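So the protein lines, in turn, are chains E and W. Numbering (this note's numbering) for the first sequence: 1 to 292. Numbering (this note's numbering) for the second sequence: 1 to 314.
None of these hints come from the bench; they were simulated from the model. Treat the numbers as computed from the prediction; the structure is a model and nothing was measured. Warning: the hint list may mix true and false statements.
With the Cβ distance kept under 8 Å, some of the chain E side facing chain W (calculated, not the full set) [said to hold, decoys possible]:
1. 44
2. 76
3. 78
4. 80
5. 104
6. 129
7. 172
8. 228
Listing some non-contacts, in silico: residues in chain E with all C-beta distances to chain W over 12 Å [said to hold, decoys possible]:
9. 13
10. 54
11. 60
12. 68
13. 144
14. 153
15. 154
16. 205
17. 243
18. 266
19. 268
Where a beta carbon is used, it is the ideal one built from N, C-alpha and C, also for glycine.
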Amino acid sequence: MIARSRLVTVLYVLPALALIGLFVYYPLVANFGYSFFRFSAGAGDMTFVGLDNIERLFSDPVIRTALGNNVLYAVVSILFQVVGGLIVAAWLTRLLGRRMGAILRSVYFLPAVISMTVIALLFTFIFNARGGLLNAFLDLIGIDGASTAWLADVDTAMGAVISVSQWQSVGYITMLYVVALQQIPAELYEAASIDGAGRIRQFWNVTVPQAKEMIFVAMILTVSGAFTVFNEPYILTRGGPGNTTQVLATYMYNQGFFQNQMGYASAIASVIFVITLLLSIVQLVSFRSGKD
Amino acid sequence: MSASDIREASLPPSTSSAGTATTSADAPAAVRMRRRPTSGTEGSVAWNIPVYVILAIYAILIAYPLFWMVISSFKSSTEIYADPWGLPSTWLVGNYAEAWDRGISEYFLNSVIVTVVSTIGTVTLAALCAYGMVRLSHRTGNVVLVLAMGGLVVAPQVSLIPLYRLLDATGLLNTYWAMILPYVAFRLPMAIILIRSVFLSVSKELVDAAIIDGCHSLQVLRHVYLPLSRSVLVTAAVLTAYFAWNEFLFAIVYVDSDAIRTIPAGLMSFRDALSTDWGVLLAGLVIAALPIVLVFAFLQRYFVAGVAAGSVKG
Numbered sequence: 001m002i003a004r005s006r007l008v009t010v011l012y013v014l015p016a017l018a019l020i021g022l023f024v025y026y027p028l029v030a031n032f033g034y035s036f037f038r039f040s041a042g043a044g045d046m047t048f049v050g051l052d053n054i055e056r057l058f059s060d061p062v063i064r065t066a067l068g069n070n071v072l073y074a075v076v077s078i079l080f081q082v083v084g085g086l087i088v089a090a091w092l093t094r095l096l097g098r099r100m101g102a103i104l105r106s107v108y109f110l111p112a113v114i115s116m117t118v119i120a121l122l123f124t125f126i127f128n129a130r131g132g133l134l135n136a137f138l139d140l141i142g143i144d145g146a147s148t149a150w151l152a153d154v155d156t157a158m159g160a161v162i163s164v165s166q167w168q169s170v171g172y173i174t175m176l177y178v179v180a181l182q183q184i185p186a187e188l189y190e191a192a193s194i195d196g197a198g199r200i201r202q203f204w205n206v207t208v209p210q211a212k213e214m215i216f217v218a219m220i221l222t223v224s225g226a227f228t229v230f231n232e233p234y235i236l237t238r239g240g241p242g243n244t245t246q247v248l249a250t251y252m253y254n255q256g257f258f259q260n261q262m263g264y265a266s267a268i269a270s271v272i273f274v275i276t277l278l279l280s281i282v283q284l285v286s287f288r289s290g291k292d
Numbered sequence: 001m002s003a004s005d006i007r008e009a010s011l012p013p014s015t016s017s018a019g020t021a022t023t024s025a026d027a028p029a030a031v032r033m034r035r036r037p038t039s040g041t042e043g044s045v046a047w048n049i050p051v052y053v054i055l056a057i058y059a060i061l062i063a064y065p066l067f068w069m070v071i072s073s074f075k076s077s078t079e080i081y082a083d084p085w086g087l088p089s090t091w092l093v094g095n096y097a098e099a100w101d102r103g104i105s106e107y108f109l110n111s112v113i114v115t116v117v118s119t120i121g122t123v124t125l126a127a128l129c130a131y132g133m134v135r136l137s138h139r140t141g142n143v144v145l146v147l148a149m150g151g152l153v154v155a156p157q158v159s160l161i162p163l164y165r166l167l168d169a170t171g172l173l174n175t176y177w178a179m180i181l182p183y184v185a186f187r188l189p190m191a192i193i194l195i196r197s198v199f200l201s202v203s204k205e206l207v208d209a210a211i212i213d214g215c216h217s218l219q220v221l222r223h224v225y226l227p228l229s230r231s232v233l234v235t236a237a238v239l240t241a242y243f244a245w246n247e248f249l250f251a252i253v254y255v256d257s258d259a260i261r262t263i264p265a266g267l268m269s270f271r272d273a274l275s276t277d278w279g280v281l282l283a284g285l286v287i288a289a290l291p292i293v294l295v296f297a298f299l300q301r302y303f304v305a306g307v308a309a310g311s312v313k314g
C-alpha cells in the first residue's frame, strides 16, 4: 500500500521532470557536444572537428563586435533599468499619491506586456529616414537636416536598437522595485527624517539598503537579458549595417540557419551559456557575501 | 533567490488593486499616506517640480508611440507620410478588415491555439509536480526543486540548435508541438516554484481530514490544494500565456509554414508582404497587441504578482 502510494507520487512529478529534462537539460548538454562537430541543418553527417570551432571563436572579428555590443547592452541596461528604474520607483512610491503612482507605473509597465515584434515594427516607423516620426519631431523643434536613417547608419544603429529595449524594459524593472519599496516600513523614513536626513540621504540610507534583494534580482535579469538579447536587433536591423549591430544570439542564428554552420553556431551558443552562468555565479556569490 | 522570497512575492500584492486593502502589508502604507503631508514637507516642494516633469515626459515617451500606432492605423500610407501628427482625415476602419483578411486572422488563431494549449499544459503539469513534491520526502522534494530552479538558468537561445535537431528527428518540426512543447518545458520551472511555495502552506490537518473523508490522492489535490491556490494558479497561467503569446525565437526557427505561424513570427511575413501599406500594417500591429493588453488591464494584479516573483521574464 505504501509502496503503491510512493509510486503514485513519483508519477505526479515525472511528466514535468521528463519535459524539462528533454527540452531544457538535454539540449544544453548536447549543445556543448555539438560545438566540436561540423554539420548542417539537414539530416547529413556530423564530422568531428575537435577544437576548430572554439579556435574560430577567438579569431572571428564579428564575435568581438557582437560581444562588445552585448557588453554595451549590459552597461546601458544597468544604467537605465537597474539605476534609473530604482529612482523612478522611489519617486512613484514616495512623492506621488497612491492613485497617481498606480496609474503611472501601469503606463510605464505597458510596453513590457506587448510583443517585441509589435514594438520593433512600430519603432521602424519612428526611426525611418524619410517620414519617420523621430525625424519629423526633430524638424518640428527646428533641428534641420535631421534626415538620419537611424537604423541604417553605422553610427546610430546600435544606439537605436538599445534604446528600443530600454523603452520596453525600464517600466518592467520599475514595477519590480515598486513592489519591493512598498514593503519598506514608513517608520524607517520617519526616523531618518528626524535624524535630519534629506531626500537624497534617505534614498541612500533607507531605500537602497532595504531594496538590496530586488536590486540584485534586477541586476541578474537585465545583465543576463543583455547577453541573450535576440529579438530587438534581429527585427530592427538583422545585425546590420555590416555586422555593426550583431550580438551573440543574432550571430549564432545567422551562422546556424543562414550560413548553415550548425557546429560553429553551437559553439557560439555555448559561449552565451558560459557567460550567463558565470554572471549568475558571480552575482550569487557577491550577494551571499554582501548579505548581513 | 530563496523559496521564502518567492512565497512572499507570489501573494498578490495588496497595493495593486484598490479593493483588497486587508493584509498587514497595507498598514504601513496607509500610515505613510496619512502622515506624508506633515513629515514630507522640508521646504522641498520646489524640488518636486523637476521630478514631476521628468515623470510626465517619461509617461509621454511611453504612451505617445502607442497612441500614434492606434491613430495611424486608421490612416492611408500617404497620409501617415504627409501628416504624421494629425488625426485621420477619414477614419479608414477598413484597414483592420484588410489586415485581418491578409493573414492576421490565421496567425491570431494559431497564437490562440498555441497559447491555450501551452498554458493549460504548463499549469496542469506544474500543479501535479508541485503536489508530488509536497508529498515526497523532504530530501527528494528538494532534489526536484533544484532541478526546476536549474531550469531557470538555461536561456532558450542556448537550446536553439539541439532542439531543432530533436524536433526534426521526431517529425515535430513545423507543427504546433514544435512551439508548445518547448514553451511548456521552459515555463514549467517558474510555474512549479510558484505553485509549490503555496502548496507548502496548505495545512496538514485539512489534508488528513480529506483523507479520512475518503478522498484518494487526486481528490485531495482537487478538493484541498487547488481551491486554496487559485491566485497562484492564475498568476502562473497569466505568465505562461504572456510568454507563449509573445515568444519569437522558437516561433520563427521551428515553423516554416505560414499556416501555423503565430502572431509574433507571422508579423514578419506580414510586414514583408505589406511593405508600402503602412496603415494596414499598423492595424495588424494593434490587433496583435490588443489581447495581451486587455489581459493585463483585467488581470493586472496577477501580472504584478508574477513580476514580483522575479526571475520570470520571457
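Evaluated hints:
1. 44: With a closest approach of 11 Å, the residue 44 of chain E hint is violated.
2. 76: violated (16 Å)
3. 78: For residue 78 of chain E, the interface hint is violated, since the closest Cβ of chain W sits about 16 Å away, which is over 8 Å.
4. 80: violated (11 Å)
5. 104: holds (6 Å)
6. 129: Violated: closest Cβ of chain W sits about 12 Å from residue 129 of chain E, beyond 8 Å.
7. 172: holds (7 Å)
8. 228: At about 4 Å, which falls below the 8 Å cut-off, the nearest Cβ of chain W leaves the hint on residue 228 of chain E intact, so it holds.
9. 13: violated (4 Å)
10. 54: The claim holds: residue 54 of chain E sits with its nearest Cβ about 16 Å from chain W, beyond 12 Å.
11. 60: Holds, because the least Cβ-Cβ distance between residue 60 of chain E and chain W comes to about 17 Å, which exceeds 12 Å.
12. 68: Given a closest Cβ separation of 18 Å, the condition holds.
13. 144: Consistent with the label, residue 144 of chain E stays out of reach of chain W, its closest Cβ about 17 Å off (over 12 Å).
14. 153: holds (20 Å)
15. 154: holds (23 Å)
16. 205: holds (15 Å)
17. 243: Holds: least Cβ distance 18 Å, greater than 12 Å.
18. 266: Not fine: 5 Å to the nearest Cβ puts residue 266 of chain E too close to chain W.
19. 268: Its Cβ does come within 12 Å of chain W, the nearest being 10 Å, so this is violated.
The structure shown violates the earlier hints numbered 1, 2, 3, 4, 6, 9, 18 and 19.
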